[in-house]
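Asks: Take a look at the letters that make up each chain.
Protein chains: 2
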Amino acid sequence: MKVVITGGAGFIGLRLAQRILEIGSLTGPDGKSAEVDDILLFDQALPATRPVGLDERAHFESGDISEKATVSALVDRDDISVFHLASVVSGGGEKDFDLAMRVNLDGGRHVLEACRARAGTPRLVFASSIAVFGGAGMPDSVGDQTKQTSQTTYGITKSICELLINDYSRKGFLDGRSARLPTVIIRPGKPNAAASSFVSGVFREPLNGENFTLPVKPDTVMPLLGYRAIVEGFVKLHELPAEALGDDRAVSLPSLTVSVAEMIEALQRVAGNRHLGEISVDPDPFIEAICATWPQDAYSGRAEALGLPKEASLDEIVTYYIEDYLGGNA
Amino acid sequence: MKVVITGGAGFIGLRLAQRILEIGSLTGPDGKSAEVDDILLFDQALPATRPVGLDERAHFESGDISEKATVSALVDRDDISVFHLASVVSGGGEKDFDLAMRVNLDGGRHVLEACRARAGTPRLVFASSIAVFGGAGMPDSVGDQTKQTSQTTYGITKSICELLINDYSRKGFLDGRSARLPTVIIRPGKPNAAASSFVSGVFREPLNGENFTLPVKPDTVMPLLGYRAIVEGFVKLHELPAEALGDDRAVSLPSLTVSVAEMIEALQRVAGNRHLGEISVDPDPFIEAICATWPQDAYSGRAEALGLPKEASLDEIVTYYIEDYLGGNA
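Residue numbers (this note's numbering), protein chains in the order written: chain A, -13 to 316; chain B, -13 to 316.
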């Protein structure tokens, strides 16, 4: 079978591809396990060099997800599954509303229509976000039964895609599953336009020996999940039988609720005698305003009952990052 | 100022136009009361004869709401308000998914973009529906804080428009207000494609001396509201200051929760010595299946605190219908 990953050149897209290649097979549209012979990583730009951990089964293609014919051409086999990760991120969506609507909403609809056009009902895993929550009526802790009233265009488009995936699944056009992601850490490489970019930066830059300026106060609290658990969650969600999900295909992934101060403590504990860059605080009103709209805590009993994983602690997440990206033991 | 009513040739659209002409003025985009000098009633087809109660300020235009340029041309003044009522209904949406997406979702987006293109922030009142609720996780009573997981394409598109209106309002592109309507009774004229069409039919056909076959069991329960309260609710919601609504612009209108058996009792009480056609029961699985996805009860404390009205009883609703459409006292 073929696997398409939109946003496939991104951090999570690449790790997901590596993991699927490692496993070697997934459940196909007919409900039977099938060998994956082709993983197509679609993104707006190709990676400059071929990423490690991808063999000849992996192919890259670049294009604009807001163009219907482009997306339709990606989903060109009936024995196929799609992981739809491509998205304008939160800060980017606040700065360019039309781009967020074009990529997240129009692009999302094109992905759904491409799946619908196939014989059978391809499985689709969608990367939603706990940014779907927000607003004055938001409870202290959010979950699968919480009304979604995001105060960002990013969150609104994620809510809309969750709704569409429920309806396309109900109609039998595809077999969709939406994973509501908390803030994902620790992203390697450069900061991105996500308002939450600092949550990876506060670990990554000091570990690189660079000083880091926090754009929020250290008592800022948020739900987090490590990238290994995110990738495992995507794969497990793909493999679940549709009946396990019922008529609401969207689940909040498990998460750890921690403060920025606790992140810094975990970093210092795990880093051992590595030299760390210094961390200072200089709040950025744009970032703080977006953070203030996010939920502070999330519950995920349903995801946990479905067997979707989380790391045991922040320390474990930092340890994995040092193993995976800094080539060493903590 | 100008007022545009999409779905303006429909039952509620026409009554709303009559009511606005009667009042004569509304609050304009600048927050000041302005005389209404033009009401444009837009619909897919023109009425065969000019409806009563509309003077020379009212104009009709027919067209396809899924065509962006058509919708854009309707909203051609800055001193303008829009009541967006046009919609594929519930039963129609289940039979033609693509039509529902085109009219309800694409059409809705065109209306929002047309408002956004004006200078200032036009007020927009959107007819949403309690059909946004549904699914296995739905509580017994639904309201403004209930997660929306509709099991119809109609409901899903209404949820999406509520979300988009919240975001367009937050961005200052327009000043939106969504009214979540329960089943509206008593529609005059012919049955329509709404799965709830029978709820008007069970009053209307017997009052016309015609026999009526109920497609659901008499113990079927649902929240209802009379057309007079719906129209007053739309006008009041339009006139409220934006601050009264906060960051979630959608409110469930007040409603009466009654069983079909109670509807028949009210009809018999109010009809007095009028000859009534006979009512029989022959459940229709298609209608029953859609009804089963709807909420049985709704709460509307927020709408009531905002001063949005409801009739005191079913008897009052039947009395108004006899006054308004059967030219007589009950």
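Hints may contain errors.
Pairs count within a copy or across copies, as identical chains cannot be separated in the list.
Below, simulated EDC-like cross-link-like pairs (lysine to aspartate or glutamate); rule was C-alpha separation at most 20 angstroms, straight line [as the list claims (entries may be wrong)]:
id: 1; residue 1: K54; residue 2: D84
id: 2; residue 1: K222; residue 2: E264
id: 3; residue 1: K133; residue 2: D283
id: 4; residue 1: K157; residue 2: E274
id: 5; residue 1: K133; residue 2: E191
id: 6; residue 1: K203; residue 2: D84
id: 7; residue 1: K157; residue 2: E264
id: 8; residue 1: K18; residue 2: D270
id: 9; residue 1: K222; residue 2: E21
id: 10; residue 1: K133; residue 2: D233
Since the hints were made in silico from the structure, they are not lab data.
Asks: The structure should be examined with respect to each hint, and the outcome stated for every one.
Replies: Do the hints match the structure? See the list:
For the identical chains of this complex, K54 and D84 are neighbours both inside a copy (17 angstroms) and across copies (16 angstroms), given an alpha-carbon limit of 20 angstroms. For the identical chains of this complex, K222 and E264 are neighbours neither inside a copy (38 angstroms) nor across copies (57 angstroms), given an alpha-carbon limit of 20 angstroms. For a Cα distance limit of 20 angstroms, the shortest separation of K133 from D283 qualifies both inside one copy, at 15 angstroms, and across copies, at 18 angstroms. For the identical chains of this complex, K157 and E274 are inter-copy neighbours only, at 18 angstroms across copies versus 41 angstroms inside a copy, given an alpha-carbon limit of 20 angstroms.
Taking CA atoms no more than 20 angstroms apart as the test, K133 paired with E191 passes in neither setting, with 36 angstroms inside one copy and 39 angstroms between copies. In this assembly of identical chains, K203 and D84 lie within 20 angstroms of each other by CA distance neither inside one copy nor across copies; the values are 31 angstroms within and 48 angstroms between. For the homomeric pair K157 and E264, neither the shortest alpha-carbon distance inside one copy (54 angstroms) nor that between copies (37 angstroms) is at most 20 angstroms. For the homomeric pair K18 and D270, neither the shortest alpha-carbon distance inside one copy (50 angstroms) nor that between copies (37 angstroms) is at most 20 angstroms.
Taking the shortest alpha-carbon separations for K222 and E21, only the intra-copy value of 16 angstroms comes in at or below 20 angstroms, while the best inter-copy value is 60 angstroms. In this assembly of identical chains, K133 and D233 lie within 20 angstroms of each other by CA distance both inside one copy and across copies; the values are 16 angstroms within and 13 angstroms between.
Violated hints for the displayed structure, listed by number in ascending order: 2, 5, 6, 7, 8.
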